[in-house]
Amino acid sequence: DTAVSQTPKYLVTQMGNDKSIKCEQNLGHDTMYWYKQDSKKFLKIMFSYNNKELIINETVPNRFSPKSPDKAHLNLHINSLELGDSAVYFCASSHGPGGANVLTFGAGSRLTVL
Amino acid sequence: DAKTTQPPSMDCAEGRAANLPCNHSTISGNEYVYWYRQIHSQGPQYIIHGLKNNETNEMASLIITEDRKSSTLILPHATLRDTAVYYCIVRVQGNTPLVFGKGTRLSVIA
Numbered sequence: 013d014t015a016v017s018q019t020p021k022y023l024v025t026q027m028g029n030d031k032s033i034k035c036e037q038n039l040g041h042d043t044m045y046w047y048k049q050d051s052k053k054f055l056k057i058m059f060s061y062n063n064k065e066l067i068i069n070e071t072v073p074n075r076f077s078p079k080s081p082d083k084a085h086l087n088l089h090i091n092s093l094e095l096g097d098s099a100v101y102f103c104a105s106s107h108g109p110g111g112a113n114v115l116t117f118g119a120g121s122r123l124t125v126l
Numbered sequence: 073d074a075k076t077t078q079p080p081s082m083d084c085a086e087g088r089a090a091n092l093p094c095n096h097s098t099i100s101g102n103e104y105v106y107w108y109r110q111i112h113s114q115g116p117q118y119i120i121h122g123l124k125n126n127e128t129n130e131m132a133s134l135i136i137t138e139d140r141k142s143s144t145l146i147l148p149h150a151t152l153r154d155t156a157v158y159y160c161i162v163r164v165q166g167n168t169p170l171v172f173g174k175g176t177r178l179s180v181i182a
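Which chain is which? The protein sequence lines are A and B, in order.
Residue numbering for the first sequence follows the numbering used here, starting at 13 and increasing by one per position.
Residue numbering for the second sequence follows the numbering used here, starting at 73 and increasing by one per position.
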């Protein structure tokens, strides 16, 4: 059983398109995250949700809109895709936000914008 | 911004102990030291964390100096599958995000 699963694993699309990446966790965690890893391999937090409520929103263009329909899901929708959005996007979850808050990451979704 | 300093790369012979250093000279009293690793093309994986006492689990040991300004992650018997980028992170427990730095690229050599 995959603890944190992301779909799709690979996504190739044209500039200007709108796309979504889905994330589901079966760990019973109440906090979920989106991280972005760019071509230089830096991992940066984008968003965090706790019990479906947004608790962390880093400086991210408003073209990026996370949606959490329930505690087990956190989807990422991106409008008007740009070349600079090409990256690997990682979803993660944790028991949190309090306590040790150890994160479990998904395998990543590689987005390529042409 | 990451609050830690790590060497960019290290090599280790297979079967030997891998000792990965981390400097965190500005660490606050309520900040924990976390270690994660990222094997190529995979998501980051939690390894261990601690506040001031040394910690050990099935994956590794964490040694934190008495002044807490540095720490060392020890993989006691490195295998080829331990080749990865290792990230040392300091953070307050609770609603604070993990901030990843550049990490140390560990290469385990047969």
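If you are wondering where the hints come from, they were derived from the structure by calculation, not from laboratory data.
One or more of the hints may lead you astray.
Unchecked claim - Quick list of in silico lysine-lysine cross-link-like pairs, DSSO-like style, CA-CA up to 27 Å: (1) A:Lys-52 with B:Lys-75; (2) A:Lys-48 with A:Lys-31; (3) B:Lys-141 with A:Lys-53; (4) A:Lys-48 with A:Lys-79.
Each hint, compared with the structure:
1. A:Lys-52 with B:Lys-75: Holds - the C-alpha atoms of B:Lys-75 and A:Lys-52 are around 19 Å apart, at most 27 Å.
2. A:Lys-48 with A:Lys-31: 15 Å, holds
3. B:Lys-141 with A:Lys-53: The hint holds at about 26 Å.
4. A:Lys-48 with A:Lys-79: Holds, at roughly 16 Å.
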